[in-house]
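Engineer: One letter stands for each residue in the lines below.
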Amino acid sequence: MSHAFRFGVQLSEATSASEWRDNARRVEDLGYSTLYMPDHFVDTSLAPMPAIAIAAAHTTTLRVGALVFDNDYKHPAILAKEMATIDQLTDGRCELGIGAGWMKTDYDALGLPYDSPGVRIARLDEALQVIKGCWADGPFSFSGTHYKIREYDAQPKPAQQPSMPILIGGGGPKVLRLAGREADIIGINPNLRAGAVTTDAAASASKAETVKKLGWIREGAGDRFDAIELQIRYFVCAITDDALGFAAAVAPGFDSTPEEVLGSGAALVGTIPAMIDQLVARRDDWGVSNIVVGGDNYLDFAPVVAALAGT
Amino acid sequence: MHDRRFRFGVIVPKVSSAAEFTEIARQAEALGYSTLFVPDHFVDHPLAPVPALAAAAAVTTTLRVGPLVLGNDYKHPVVLAREAATIDLLSDGRLELGIGAGWMSVDYEKAGIPLDKPSVRIARLAEAITILKGLFADGPFSFRGEHYTVTELDGQPKPVQRPHPPFVIGGGGPKVLALAAREAAIVGVNANLRSGDGNSRDAASSLTSARTDEKLQWLRDAAGARFDDLEIQTLVGFVHVTDDRTSIAEAIAGGFGVTPDDAILAPVTLVGTESQMVELLELRRQRWQMSYTVVPHEAMSQFAPIVARLAGT
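Just so you know, the sequences run in chain order A and B.
Okay, so the first sequence: first residue is 1 according to my numbering, each after it adds one.
Okay, so the second sequence: first residue is 1001 according to my numbering, each after it adds one.
No wet-lab data here; the hints were simulated from the structure.
None of the values given here were measured: they were computed from a predicted structure.
Please note that a few of the clues may not be correct.
Below 25 angstroms or equal to it, Euclidean Cα-Cα: the simulated BS3-like pairs (lysine-lysine) are [as the list claims (entries may be wrong)]:
#	chain 1	residue 1	chain 2	residue 2
1	B	K1133	B	K1158
2	A	K157	B	K1014
3	B	K1133	A	K148
4	B	K1158	A	K132
Derived list of chain A stretches under chain B, where covered just means 3 residues or more per stretch with a C-beta under 8 angstroms from a C-beta of chain B [claimed, not checked]:
#	region
5	68 to 75
6	89 to 97
7	136 to 150
8	258 to 268
9	283 to 289
Just so you know, even glycine gets a beta-carbon here, dropped at the ideal spot from N, CA and C.
Full structure from sequences and hints, please.
Structural biologist: Given below as structure tokens:
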């Protein structure tokens, strides 16, 4: 059984208070479900935690979250408390997006050790247990390799009970199995093992690779697979009458053919009706119902939202 | 040079609903309070300051907002710098950035964060402040310290207040007050919290008039010519309007092992009639230059007539 379509916008920039407020209201008015923010330090602007709190304060139904918080930047007990605070102050409009961390330039700038993917993912695994422990009733203790919690009854609890939705994105087998086990929403992303957006990352979003990723999620999820909402953030989203011409232009960056680009799980290219057909077909094939676009194209993309949201 | 005019803040550690929080923020603004503060602790303080302050700024137009104070050890200063600048930008420049070395031992214990000795925590805070100011300034910033390393990072966004939002640094010991004297625009003169427990007798006994004189002297000595520019803040945890000041003072005195006179004068209490409170605030300003008073939000309405009489004078 497939989930109803819903849509999100990933925004990171604003140069004034009024611009940010107006953007948030526009996203809501256009029928998007969720405003997401990235969490990076180099070449990006606003900090997600206060900015999503403000976006939520200026809207009434819009959901908010990060896509995604890098687990290594903040202690999970603090992340849990901050997100639960926003959830309380918005009467339950938060999604906790979290990932293992990958952008090496951030780690270098902050002087944080850039551990191997296995260690970062193991730490994310522990962080999820800490976050869930914080949100559950009563005091909890946790003794892991990376975090230790002692008899802590965290406050506040999220307004959404028993938990706010947890969103985990990834592109490799370890993180997607973990997501399958733990997440309510899973982002099917390029594999970012290179620590940057490279042709390796782009190639890992091919149709065949996307099918493999679904397999890893299934392995982690077992019986709960059908309850999971699958998400794609379309980094390539181009409304055009000449899909093939567009694909030919970007194909070298994907290290693939124009036809492969059009089939890629990271690209949505074509006219508005073609995009609508493609999203419906991909939901049938892959189960992906949660679609995220960027701040550069959410206005043009709004007719797709109008046609599909809630269906 | 600071004009020493009175201004007031409220501190909000918890609320029971989103609507209540919005109402407190709007009411504080309407009643003439300057600032809404949120503390930063893990236990018994169920509001996380960063998102709560952002939300408070979003539902008001002139009210300033600030953490009182952030525990430096809870977050990497680069993460904090970006969040602080974001609040300042998205509130059109209404942030007061309160930060301290961290002290509440139960927080550290619960979250499994190592509680270093005070001098290490204070040295780390000094590094963090350098990083915050460096990232708020224009252009790329690098720093290599004992505790943090930052490489060629141009902090984004930049705060609206230039060169940076006012820092609020509070403390009760000579080291942290010396740091505040050097780095802060607003200095909180507080109890000495070396015991890790705000309700201890050690903390209370550090609030007598003589000990407060001593703290101001530390601050003067460390600040030199800068002292006149500092705004001196106190957090009054206990506000009690009463016609019978003597018996309340005796009760506090007994509980904390200080004299009734000291209980009245201590910059963490305000007990008496409205007129007596006005007198006390004027006395404290005269003796200790304390012009910025923060009260618990529960006392906000009751205390409002005093704000109306004194704010801006």
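Engineer: If a hint holds in the structure, say so; if it does not, say that too.
Structural biologist: Against the structure, the hints:
no.	hint	in the structure
1	B:K1133 to B:K1158	holds, 11 angstroms
2	A:K157 to B:K1014	holds, 13 angstroms
3	B:K1133 to A:K148	violated, 32 angstroms
4	B:K1158 to A:K132	violated, 34 angstroms
5	68 to 75	holds (count 3)
6	89 to 97	holds (count 3)
7	136 to 150	holds (count 4)
8	258 to 268	violated (count 0)
9	283 to 289	violated (count 0)
Consistency note: the structure conflicts with the earlier hints numbered 3, 4, 8, 9.
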